[in-house]
Amino acid sequence: MCNTCGCNITPGNQHLIKPGGKLSRTDNGQQSITVLKSLLSENDHQAEHNREHFNKHQVLAINLMSSPGAGKTALLEATIDSLKEKFNIAVIEGDLETENDALRIRSKGVPAVQITTGSACHLDAHMVHDALHQLDLSTLDIIFIENVGNLVCPASFDLGQHHNVVLLSTTEGDDKPAKYPVMFRAADIMLLSKVDLLPVLDDFDTDKARQHLSNLANHSPVIEISAKNQTGMSDWFDWIENNYNRMSKPDLIKHHHV
Amino acid sequence: MHELSICHSLIKQVEAIALEQSSKSVQLIQLQIGPLSGIDASLLKHSFPIASTGTIAEGAELLIEQLPVNIRCLNCGRESSVEINRLVCHHCQHTDTQLLSGDEMLLHSVKLET
Numbered sequence: 000m001c002n003t004c005g006c007n008i009t010p011g012n013q014h015l016i017k018p019g020g021k022l023s024r025t026d027n028g029q030q031s032i033t034v035l036k037s038l039l040s041e042n043d044h045q046a047e048h049n050r051e052h053f054n055k056h057q058v059l060a061i062n063l064m065s066s067p068g069a070g071k072t073a074l075l076e077a078t079i080d081s082l083k084e085k086f087n088i089a090v091i092e093g094d095l096e097t098e099n100d101a102l103r104i105r106s107k108g109v110p111a112v113q114i115t116t117g118s119a120c121h122l123d124a125h126m127v128h129d130a131l132h133q134l135d136l137s138t139l140d141i142i143f144i145e146n147v148g149n150l151v152c153p154a155s156f157d158l159g160q161h162h163n164v165v166l167l168s169t170t171e172g173d174d175k176p177a178k179y180p181v182m183f184r185a186a187d188i189m190l191l192s193k194v195d196l197l198p199v200l201d202d203f204d205t206d207k208a209r210q211h212l213s214n215l216a217n218h219s220p221v222i223e224i225s226a227k228n229q230t231g232m233s234d235w236f237d238w239i240e241n242n243y244n245r246m247s248k249p250d251l252i253k254h255h256h257v
Numbered sequence: 000m001h002e003l004s005i006c007h008s009l010i011k012q013v014e015a016i017a018l019e020q021s022s023k024s025v026q027l028i029q030l031q032i033g034p035l036s037g038i039d040a041s042l043l044k045h046s047f048p049i050a051s052t053g054t055i056a057e058g059a060e061l062l063i064e065q066l067p068v069n070i071r072c073l074n075c076g077r078e079s080s081v082e083i084n085r086l087v088c089h090h091c092q093h094t095d096t097q098l099l100s101g102d103e104m105l106l107h108s109v110k111l112e113t
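Residue numbers (numbering that gives the first Met the number 0), protein chains in the order written: chain A, 0 to 257; chain B, 0 to 113.
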């Protein structure tokens with residue numbers, strides 16, 4: 000069938016080329032086509048592919064997002080220290096420049112792949128896919144993806160993760176969820192980090208931060224944590240473990256470290 | 000500023016459609032954007048001439064329809080039009096609401112010269 004003589008027109012698609020149909024053609028050689036596809040459909044397609052990889056190998060994928068300096072890497076270090084005997088963990092690190100964060104993670108004895116994005120302000124599903132080729136998923140239980148520190152752009156790009164974790168540190172404003180609604184609406188859990196500093200900060204109200212999140216119709220759990228003095232860390236570990244168990248049976252945890 | 004990469008992705012999609020339709024040029028691209036998509040419509044509009052240079056979409060008109068943020072309350076069932084950071088029912092103040100529109104980032108349609 001071709002597009003020139005009309006042999007591709009069947010009773011089934013005839014309505015499309017009638018006036019007003021989505022492939023209708025006007026006399027002056029113009030053609031209007033209704034598409035109705037996401038602008039990020041290519042990224043979303045790749046993200047779905049990544050998710051299939053994770054699911055096939057029963058690897059829990061967690062995307063960590065926050066402003067720069069909210070404590071994502073410190074949280075990961077403390078998490079690895081506590082969970083690495085139980086789970087095989089790997090980390091994908093996104094930064095504009097430097098391998099510093101990957102070096103910090105590797106010094107904890109777990110594999111880390113650094114993605115340097117250059118000037119790009121977010122990770123996308125293709126970058127994560129390339130990074131996955133450097134990891135052996137069949138030996139892993141949990142992958143943390145530490146996104147580029149930024150409360151705007153990363154929220155729009157699905158990476159194939161199972162859960163979004165958004166950190167809000169007490170040195171930022173408690174109204175961040177109201178200022179960055181796209182990011183905080185995407186959160187499956189909000190971690191209020193650096194709560195050890197609360198006694199010396201008089202302008203961060205954790206109840207207000209919770210209320211701003213709730214105003215976004217997001218009723219995800221909120222945990223107050225400090226990677227430094229361990230506040231709330233056991234609740235965070237429980238959240239990870241519960242989600243891991245939900246996607247796989249506990250007795251399937253791979254190759255326990257001894 | 001991720002609008003430039005979104006613009007590149009948009010142009011890739013338009014190029015694929017134009018190729019499929021053996022079209023010579025693209026006249027009009029219509030988008031629907033909701034504020035909760037995280038895309039800034041004016042930044043996208045400014046990125047377009049840069050991203051489309053040398054592509055079949057160069058010179059095409061980009062029309063962006065901005066959609067409102069509408070919610071339905073899961074408590075009282077009524078609908079409200081709201082601000083992007085207050086998805087709270089106007090009628091009963093409940094925060095258990097469902098988004099009806101406002102997070103779209105859609106390529107709605109293209110007009111091609113054939």
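Rather than coming from a laboratory, the hints here were simulated on the basis of the structure.
Note that the structure is a prediction, hence the values are computed from the model and not measured.
Please note that the accuracy of each hint is not assured.
Some chain B residues well away from chain A (every beta-carbon gap over 12 Å; in silico) [said to hold, decoys possible]:
#, residue
1, A17
2, H45
3, Q65
4, R77
Only pairs whose alpha carbons sit at most 30 Å apart, straight line, appear in this in silico DSBU-like list of lysine-lysine [what the hints assert, rightly or not]:
#, chain 1, residue 1, chain 2, residue 2
5, B, K44, A, K178
6, B, K110, B, K23
7, A, K85, B, K44
8, A, K36, A, K55
9, B, K23, A, K178
10, A, K178, A, K83
Ideal Cβ placement from N, Cα and C applies to all residues, glycine included.
Exercise. Failing hints, ascending?
Worked result: 1, 7, 9, 10
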